[in-house]
Amino acid sequence: MVEKTLVDAIRDAMDEEMQRDENVFIVGEDVGQRGGVFRATVGLFDKYGSNRVIDSPLAELSIVGVGIGAALYGLKPVCEIQFADFIFPAFNQIISEATKMVYRSNGEWTVPMVIRAPYGGGIGGGLYHSQSIEAYFTHAPGLKVVVPSTPYDAKGLLKAAIRDPNPVLFLEPKKGYRLIKGEVPEDDYCVPIGPANISQQGTDISLFAYGMMHYYALQSAQKLASEGISVEVIDLRTLIPIDKETILNSVKKTGKALIVHEDNLTGGYGGEIAAIIAEHAFTDLDAPVRRLAGPDVPAVPFSHPMQDWYMINEEKITNAARDLANY
Amino acid sequence: MVEKTLVDAIRDAMDEEMQRDENVFIVGEDVGQRGGVFRATVGLFDKYGSNRVIDSPLAELSIVGVGIGAALYGLKPVCEIQFADFIFPAFNQIISEATKMVYRSNGEWTVPMVIRAPYGGGIGGGLYHSQSIEAYFTHAPGLKVVVPSTPYDAKGLLKAAIRDPNPVLFLEPKKGYRLIKGEVPEDDYCVPIGPANISQQGTDISLFAYGMMHYYALQSAQKLASEGISVEVIDLRTLIPIDKETILNSVKKTGKALIVHEDNLTGGYGGEIAAIIAEHAFTDLDAPVRRLAGPDVPAVPFSHPMQDWYMINEEKITNAARDLANY
Amino acid sequence: MELSSELKKEMYWMMLLSRRLDERAWVLHRQGKIAFHISGIGHEAAQVGAAFALKKGFDWVTPYYRDLALMLCLGLTPREFVLSLMGKSGDPSSGARQMPSHFSLRRVNAVSHSAPVATQTVHAAGIGLAIKMKKEDKVVLTTIGEGSTSQGEWYEGVNWAAVHQLPVIFLVQNNQYAISVPPELQMAVKSSADKACGLGLPGITVDGTDVFEVFDIVSSAVERARTGGGPTLIEARMYRITPHSSDDDDRTYRSREEVEENKKKDPIILIRQKLLDTLVVSEKELQEMDSNAKEIVTEAVKFGEEAPYPSFEEASYPVFVEDVRNG
Amino acid sequence: MELSSELKKEMYWMMLLSRRLDERAWVLHRQGKIAFHISGIGHEAAQVGAAFALKKGFDWVTPYYRDLALMLCLGLTPREFVLSLMGKSGDPSSGARQMPSHFSLRRVNAVSHSAPVATQTVHAAGIGLAIKMKKEDKVVLTTIGEGSTSQGEWYEGVNWAAVHQLPVIFLVQNNQYAISVPPELQMAVKSSADKACGLGLPGITVDGTDVFEVFDIVSSAVERARTGGGPTLIEARMYRITPHSSDDDDRTYRSREEVEENKKKDPIILIRQKLLDTLVVSEKELQEMDSNAKEIVTEAVKFGEEAPYPSFEEASYPVFVEDVRNG
Ligand SMILES: Cc1ncc(C[n+]2csc(CCOP(=O)(O)OP(=O)(O)O)c2C)c(N)n1
Ligand SMILES: Cc1ncc(C[n+]2csc(CCOP(=O)(O)OP(=O)(O)O)c2C)c(N)n1
Ligand SMILES: [Mg+2]
Ligand SMILES: [Mg+2]
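Chains as they are written, first to last, in the numbering used here: chain V, 66 to 392; chain X, 66 to 392; chain Z, 104 to 430; chain P, 104 to 430.
The following block holds chain V by itself, in its conformation from the complex:
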């Protein structure tokens, strides 16, 4: 195994799947010669040509809608949305079309497609290059939503997503593209879509996170271990379907749950996890279910002090977790 960055692992997954299956193709803005603004598709245009790595018009609606058409025909589009913040023009195609196709045609038509989108803040991107968008998509039965937090998972989950017969939204924590490194096998493997990952066992408190927040959660757990607090860290990884079993088992063990995301608090994904725990682990709980999330302002502001105010980091997680552990 070699050490790779998150973005390299993602590129490897696409490369291998394109090699494996000639129906896989990439479509998005600047994915061709430019190799993507985050360079996630670098080299693929040269290798597979303009027929399979398509620089789309600057229009997300049709990146997704054309992808849906091609998927209906039997191809496997991997649609890149340049920044997650720009997915909203495509909302109707995703919510009204992709997610409802199997149900509305009683299984006659399927949309095997992946939509990749770099998301998240802390990179000086301001209001429109920092957003977390998962909560808009975890409420759409028919869509799977995946957020890797390690290079290993990124490659394995993206390969699984490309092979999945359903539409999959694949959210990439862009702050981690080059920051997060890890061992990645050279060979073919998939990480199944569905199971969460207990990335660190613990007994005092369960910490649920994904993407960059999971990266920081592990750091917090380490810090708290040195204070004698044993944190179980769970990388939710697949936001939909939800791995309720792993979540509830962990709470059964620790009796305390903290859910972390950088997306705004109100109406965020954490509410769903908190609600599940509150309903199904009621008798296991030794403390209130807590959420640590981005504040309820429209998005992450640009100027550094304001960005810092917004963003969740290791320190904020550590404090919240310590607080709950001491409840």
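Since no wrong hints were added, every one of them can be taken at face value.
In silico DSS-like pairs for lysine-lysine, Cα to Cα no more than 25 Å straight-line:
#1 Z/293 - P/235
#2 X/288 - X/318
#3 P/387 - P/111
#4 V/381 - V/246
#5 P/368 - P/387
#6 X/381 - X/288
#7 Z/238 - V/112
#8 Z/237 - V/112
#9 Z/367 - Z/111
#10 P/293 - Z/235
#11 P/237 - X/224
#12 Z/366 - Z/112
#13 V/224 - Z/237
#14 Z/387 - Z/397
#15 P/112 - P/397
#16 V/112 - Z/235
#17 P/237 - P/158
#18 Z/368 - Z/293
#19 Z/112 - Z/387
#20 Z/293 - P/293
#21 X/288 - X/246
#22 P/293 - P/367
#23 P/366 - P/293
#24 P/111 - P/366
#25 P/112 - P/366
#26 X/112 - P/237
#27 Z/366 - Z/111
#28 Z/238 - Z/158
#29 Z/405 - Z/136
#30 P/158 - P/238
#31 V/288 - V/381
#32 X/112 - P/238
#33 P/235 - X/112
Selected chain X positions facing chain V (in silico; Cβ < 7 Å):
#34 156
#35 169
#36 336
#37 339
#38 347
#39 353
#40 363
Since the hints were derived computationally from the structure, they do not count as laboratory data.
Source: prediction; values computed, not measured.
Built from N, CA and C at the ideal position, the CB exists for glycine as well.
Fit chains X, Z and P with the ligands to the known structure of chain V by using the hints.
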């Protein structure tokens, strides 16, 4: 006071506000001579002319986007989305533009607008004429979300929404348009956006609902009263901002919370309410926080047996409430 | 190209069958036997002319809700249509999940469409892209109403096809109304075919009440698309003889005189006369065809009435491809 | 119309000031003093020509991120621009919440724009509608890049203005690239002005490196709009001399030779020569203006460097109009 239907109360509110303020205008599909497909704007075209009751091109994105432009200029558009299910083409304009304008301009620019949309199932409308869409919009700081369940509130809240300096999404339970009747004053009054309404006092269990579900919740409460179960019914009414105080006070009193919506369970608005209760009323709870919601299929199917399977009704609420009361 | 008498008769037969079935649907609605009907009356010539220009079952179609005659030509049976009208088990378009006339027929490459208008235009571009990538000689026909060409989605779909020279025929059925709204409030050009010049593809306006003319024009476009010549935009003009749907009351926005005047251009009357004048058929043959059609329609209704409803339980699937059940 | 020497000099001055400020931003970026810059170098003639055709502070503008020269003409000061570059307190566009060059200047009717491209086009239509409803004689100018005219939003905005004959000037700045993607992959027409014929308004292509020609053409369009003659679509052609932004590496998709070749058509060089040739200015005057500009820019940078950052706390508001604080 005279008895009016929900839709008549809504029309009255628009009529009165248009009379009061010449900056108020209506824009949407078939709102003119046709008077709206639900006839919510009947008579207004004749009264105010084509300059203030505008039949838009068939394009929701620009109904909202043009509305935003006019609002920036200082007018007060009331945009009608013919069915809530068709709001998604306008998602980018609502989420990226309307909700973020005040914040992103540090208050220099404001978007005083109302977006009205009939929502909800049980009317044989199938997948695309039955949807509940609130959860996509209760996660957008900067937007207020209102759902009336009585004619009195419908008129008072819509008038408040039109006068509100912020964008307000006004969701109308269309099944109740003619079904729900109630006393409505002829004169000018507003119902403030913000407070929930304790529509029935009770002591055994708190039942939170809105729209049609609140209508059924009252029926359930009556039924259960005859069984000796005292249900406190709360009409959430203003989904954003959330009236946490009323919610938490009620749970403090009853110790039990059931949240009901017809929208899909996972990622629905109920998750947020459940999470708030689980965190802030932990020591008050005598039972798990429960949610009764639409199942996790893409939307309400057409054929009657399937629609019945999907929809929440008085009976399902009664059973769930009884169950929780007996916990 | 001069058509054989056989072919002319076949075209007439499909128009007639569609008309009789459509008329029966209105009767069923008046009888309270079905809840909803959206009619293609007046559109038959355009749809049959277009359908006959395709290789049925080989080429692809992304249709819209007025396309009863088109779908019958492709192979939808009257029985199947009645099942969907009644929300009965066996409806091939959606298993009774969607409202009637939301067509889909996998076996002849007719793609499932939804209610949000213009989404299918983008899918057609995607299917065209797939065909081009696969170097096949299929074409895609996609249909839509003139009002719906106001949607940004529509432009994006057509633009993709023009930029990539995809084998797509965009057929706009301009029936002078989008529910109540006339074309002048949708567009500042005289014909939606005029939009072609701004998008860089050929645009042609054709008399949509003349089945032979439509056949001619669409045939040339198909030929061009099939041989790599790229897409064509065609507007077929006709008049929507019925209200928008069974929910509409068109007296609120158009006069009875206008409707009566336009009934003179009923395509069924026109083609009958033409066939008689050119001695392609005799009065007697016409009468035979009439009674044949009536018999088929009556039998289909009987079949539909006797068919069972889907079970409650069917509403619960398939959300994902994994849940698809056959039979 | 022959321009006075005074006016010509003023136009040159604005182009020069913008250029020097823009160049300094690149220097600041190389010095690590700012995190991001997106440049208008090469666009100055088009923007200044257009700005001078407006009644500043009376007419309205919905700009886009390359519009530094346009904004300076309207009244944005170099100091203010530097504040936004540095994310400092006092940035008038967003209070440092948005990234630099996301312009807004309330005092001169320049509307806040966001990053998602083409949203401002629809706002311009809405403002135009408001002006028309109020029977005022203002006009709106809205700008955009050629790539962004692929968005469905753009078509919808232009279509509204054409249908309702609104006083809007749509100015497309075609700089040959959308990040890395050339116009041939965006549209099947030669100029985005060609799109006008499909939308039913006049379309004109103009040499965007010739400030006087742009002024002429935009002036006629403004005159027509102001007197009820409706909207105009104008494409100004130039070359994007710099990379897309400071995050871009344009060597991945275009040759140095191409860039060097195009620098010959640098609008600053062209106008200088023209002014000299026509004896409007002397070499000495040009030198004076140069050193003036340099001084202003240096002072602005100093001002910006000394300005404070916003406090953490400012990030928390204003979400709603109720939260707006001034000062
Ligand atoms: C996105 C969207 N908005 C609104 C509607 C409601 N609606 C259904 S059909 C229709 C009119 C369509 O008119 P046109 O495109 O001319 O087609 P026609 O029905 O006349 O054939 C409208 C507004 C819809 N189905 N989808
Ligand atoms: C909706 C949306 N998608 C993608 C982007 C990312 N993006 C920013 S600028 C740009 C290219 C714009 O090109 P063009 O419209 O030609 O304007 P130019 O930058 O060349 O002036 C892209 C793709 C965006 N800002 N908004
Ligand atoms: Mg029509
Ligand atoms: Mg450009």
